[in-house]
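Visitor: The lines below spell out each chain.
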Amino acid sequence: MKFKLKNKKAQEELAGFALIIVIVAIVLLVFLGLSIGKTKETNLESEKINNFVNVVLQSTSDCKDEYGYLTIRKLIQKCEENENCIAGQNSCELLETTLEEISESAWLTNTQIKGYELSINSEKNEILLIIQGNKTENSLGSREYIGKSGKLLISFNTYY
Amino acid sequence: MVNKKAQLKIQQMAFMLIAVTLFFILVGLFVLGIKLSGLKKQANILEDESSLAILSKLANSPEFSCGEAFYSGKTNCVDEAKILALKNKKEYFEENFWGVAAIEIKKIYPEKKSIVIYEDNSQSKKYNSNFVNLCKKQVDSDGNVYDKCEIAELLVASKENEI
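Taken in order, these protein sequences are the chains called A and B.
Residue numbers 1 to 160, in this note's numbering, belong to the letters of the first sequence in order.
Residue numbers 161 to 323, in this note's numbering, belong to the letters of the second sequence in order.
The set of hints was computed from the structure by calculation and includes no laboratory data.
Owing to the predicted nature of the structure, the values given are computational and were not obtained by experimental measurement.
Where is the CB? At the ideal position from N, CA and C, for every residue including glycine.
Check each hint, because a few of them may be wrong.
[To be verified] Computed, partial: chain B to chain A, Cβ under 7 Å: (1) F175; (2) A179; (3) L186; (4) G193; (5) D208; (6) L212; (7) N236; (8) I268; (9) N290; (10) F291; (11) N293; (12) Y306; (13) K308; (14) C309; (15) I311.
With the hints as extra help, turn the sequences into a complete structure.
Guide: The structure is reproduced here in structure tokens:
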């Protein structure tokens, strides 16, 4: 009787030990799978976003002044100074439609991106804000100061 | 009775040995996994850096870049006239652009259009892209020549085994 009881206790101990091993193995395998499965392209993507802001600022807009067609960088300054284009277009409206079209063409085709936000702010007020899609916690962005005294801030964030 | 007890002890030891071996195998797998994931991460970073270097090198190479033709100091600016001149010159790219399997310009704004500059015969190509300004000289309605810089994506495919 005593031997039977001891035997049962040992079997229970073994079963408990095996259970612990199985649980630990499952946890380890899940962790392993997660750590191997993660592949991020943050380096290339963040460089791409930085480059996007620079390229947009250097591109030619449809706004013309007495010296010729303005770059987007100069169009932003014109909007901040509340000046219109020589053809009579409102510089801020033109800026908004242009940046909306550019952002849509450049980022909405990217299936990885859930949304983006483009904003231009001066020291005093917000000049422009474009939000498309959803904001998530996983984001990459770029900021650049422009303008004569560097007081205009253009920031672009993409959400994954 | 003694015999049965000994058999049980042997069984218990066998179970223990199997469990301990299994445990060490799992620990080994775990360490290996961490090391392999580190290697994979490193490989990804190196691949990214290599792609960035190729993209940046191409956009700023004399064959592609705007140079001083369009306002000074523009980086990542591609001259559209140079591209059209180089288009389909396969031998030139094979001689001068080692490791590049394909080069393409995808116009994004204002118009959408793709220009394939070079493409080799390799089957597996991995494309990477970066934004560039695509500039050209244009004549406005008053007859004045001005610089028109559009937004495009420069796509470069590297031969997969060479990165």
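Visitor: If a hint holds in the structure, say so; if it does not, say that too.
Guide: Taking the hints in turn, this is what the structure says about them:
The interface hint given for F175 (chain B) holds, since its Cβ lies 5 Å from the closest Cβ of chain A, which is under the 7 Å cut-off. A least Cβ separation of about 6 Å between A179 (chain B) and chain A falls short of the 7 Å threshold, and the interface hint therefore holds. Among the interface hints, the one on L186 (chain B) holds; its C-beta lies about 5 Å from the nearest C-beta in chain A, closer than the 7 Å criterion. The beta carbon of G193 (chain B) comes within 4 Å of a beta carbon in chain A, closer than 7 Å, and the hint placing it at the interface holds.
Taking 7 Å as the C-beta contact cut-off toward chain A, the hint placing D208 (chain B) at the interface holds, the least distance being around 4 Å. At about 6 Å, the closest approach between the beta carbon of L212 (chain B) and any beta carbon in chain A falls short of 7 Å, and the interface hint on this residue holds. About 6 Å separates the beta-carbon of N236 (chain B) from the nearest beta-carbon of chain A, less than 7 Å, and the hint is met. A least Cβ separation of about 5 Å between I268 (chain B) and chain A falls short of the 7 Å threshold, and the interface hint therefore holds.
The interface hint given for N290 (chain B) holds, since its Cβ lies 5 Å from the closest Cβ of chain A, which is under the 7 Å cut-off. Look at F291 (chain B): its Cβ gets to within about 4 Å of chain A, closer than 7 Å, so that hint holds up. The criterion of a C-beta within 7 Å of any C-beta in chain A is met by N293 (chain B), whose closest approach is roughly 5 Å, and the hint holds. Taken as an interface hint, Y306 (chain B) checks out: its beta carbon lies about 5 Å from the nearest beta carbon of chain A, inside 7 Å.
Annotation: K308 (chain B) was flagged as interfacial toward chain A, and the flag holds, the nearest CB pair being 5 Å apart, inside 7 Å. Taking 7 Å as the C-beta contact cut-off toward chain A, the hint placing C309 (chain B) at the interface holds, the least distance being around 5 Å. The beta carbon of I311 (chain B) is positioned within 7 Å of a beta carbon in chain A (closest approach about 5 Å), and the interface hint is therefore held.
Checked against the numbered hints given earlier, this structure breaks none of them.
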